[in-house]
Amino acid sequence: SEQDLQVVIIVSTGGGGTLIWPWDKFVNRLVEMVMWWQEWQRASEESEESRRASQADGNAPSDAVQGILVRRPEDDPFVDHESQLIGEGMVYLSSLANMVDVSAKIFVISLMATV
Numbered sequence: 001s002e003q004d005l006q007v008v009i010i011v012s013t014g015g016g017g018t019l020i021w022p023w024d025k026f027v028n029r030l031v032e033m034v035m036w037w038q039e040w041q042r043a044s045e046e047s048e049e050s051r052r053a054s055q056a057d058g059n060a061p062s063d064a065v066q067g068i069l070v071r072r073p074e075d076d077p078f079v080d081h082e083s084q085l086i087g088e089g090m091v092y093l094s095s096l097a098n099m100v101d102v103s104a105k106i107f108v109i110s111l112m113a114t115v
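Residue numbering for the sequence shown follows our numbering, starting at 1 and increasing by one per position.
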């Protein structure tokens, strides 16, 4: 029997558009996002405690955030670096095989069957 494909549609408010992720990818990313968020909160709290301690000692507060987490951009679970299928189009390959330029308009049909 054919297994049903479960997907999650992610709508970015930052101008990134709409992403369609398989359920497994969404769950994995969500776990990573929660871990990153918790680590960021912990680093922020430690930085705030350090700032308060330096003020209590009479030292000038530092503008630098201590305990900041440095990560590679490609490991960021909030950004999708993978290719995203936005639709399909039909191109006849005979013109490409004969090295002829294609001047026809090629319509991309979205995954929701709209042009």
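Please note that the accuracy of each hint is not assured.
Claimed, not checked - Label-pair restraints from in silico Cβ distances:
#, residue 1, residue 2, range
1, Glu82, Ala56, 40 to 50 Å
2, Val108, Glu45, 46 to 56 Å
3, Trp36, Met99, 26 to 36 Å
4, Asp75, Glu49, 22 to 32 Å
Derived by calculation from the structure, the hints in this document are not laboratory data. All of these numbers come straight from a predicted model, not from anything done at the bench. Heads up, the beta-carbon is just placed ideally off N, CA and C, and yes, glycines get one too.
Right, here's what the structure says about each hint:
1. Glu82 with Ala56: 40 to 50 Å: 48 Å, holds
2. Val108 with Glu45: 46 to 56 Å: Holds, since Val108 and Glu45 (Cβ atoms, about 48 Å apart) stay within the stated range.
3. Trp36 with Met99: 26 to 36 Å: For Met99 against Trp36, whose Cβ atoms are near 49 Å apart, the range 26 to 36 Å is violated.
4. Asp75 with Glu49: 22 to 32 Å: Holds, since Asp75 and Glu49 (Cβ atoms, about 27 Å apart) stay within the stated range.
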